[in-house]
Amino acid sequence: MSLGQFMQGARESAGLSIDELASRLSIRPGLLIEMEKNKFVNCGGDTYARGHLRNIAAHIFVEPQTLIDLYNEEHSSESRKIHDMLVENNVSRIPTERKSIKPKSLVIASVVLLSAIAVGQIIISNSETTVTPVVTTTPSATPTPLASASAVATEPAATESVPASANGEMKLTISATRGSSNIHVVAGGKTLFQDPIFQGDTKSFSAPTSISVYLSNAGDLDLTLNGQKLAPLGARNQEIRKTFRSK
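Going by this note's numbering, the sequence shown opens with residue 318, and the numbers climb by one from there.
It is worth saying that the hints were derived from the structure and are not from the lab.
Any given hint might turn out to be false.
What the hints assert, rightly or not - In silico PhoX-like cross-links for lysine-lysine, where the CA-CA straight-line distance does not exceed 25 Å:
no., residue 1, residue 2
1, LYS559, LYS507
2, LYS564, LYS546
3, LYS564, LYS507
4, LYS520, LYS507
5, LYS520, LYS564
6, LYS488, LYS564
7, LYS488, LYS520
8, LYS488, LYS546
9, LYS520, LYS559
10, LYS559, LYS546
11, LYS488, LYS559
12, LYS507, LYS488
13, LYS520, LYS546
All figures in this text were calculated on a predicted structure; none of them were measured in a lab.
Starting from the given sequences, assemble the full structure and let the hints guide the process.
Structure below.
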């Protein structure tokens with residue numbers, strides 16, 4: 318999955334359209350469309366591109382460093398090709414053709430070439446970047462405000478289709494039965510709630526067709542959707558993002 322595809326999936330999971338996200342960021346919708354097509358040539362260079370990615374991450378519930386790492390791996394002009402590095406060190410330049418080449422010179426050239434290949438393989442191996450999911454544990458007694466919580470995911474949030482209620486609305490109740498948690502509830506691209514919920518508290522929400530939730534401590538919460546209690550979405554201190562849509 319490319320950086321652009323990852324950004325598009327996270328935006329859709331957050332319930333935001335291109336125009337809504339562009340309005341929040343005060344940038345052109347066309348630039349967002351290009352970025353989701355994995356094109357960053359109009360961002361104004363690496364520095365500005367990384368700045369856009371940090372701002373976008375805060376609205377689609379993704380850790381900024383995840384987007385930065387993907388950008389550096391796929392697009393950064395600062396990542397130099399191994400061939401260019403070898404040319405600067407005069408180890409991969411093609412020798413000028415001469416009328417006669419001594420056997421000793423051929424042996425030396427072969428040794429230099431093999432050494433250059435070995436060095437190149439080492440540099441490439443050390444420069445590869447692996448994006449690792451990071452799970453942030455939050456103590457249940459003193460939850461951190463949602464604005465500083467890290468909603469980290471390497472894939473877009475899961476989507477589940479559920480039957481609508483009798484009046485056609487989605488009705489969701491979140492109860493902090495076993496501990497406290499940060500929660501963020503989004504419907505129709507608008508935030509319904511973004512604060513901690515403490516042990517013993519219950520919050521209820523409704524939306525026309527879909528509702529998305531972020532939970533920083535899924536194992537200590539009980540969710541009831543359209544009158545039906547759901548199985549726990551995750552373990553204690555596990556961060557979960559999920560979208561429910563009516564059939």
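Worksheet item: Any of the earlier hints contradicted here, and which numbers?
Response: none
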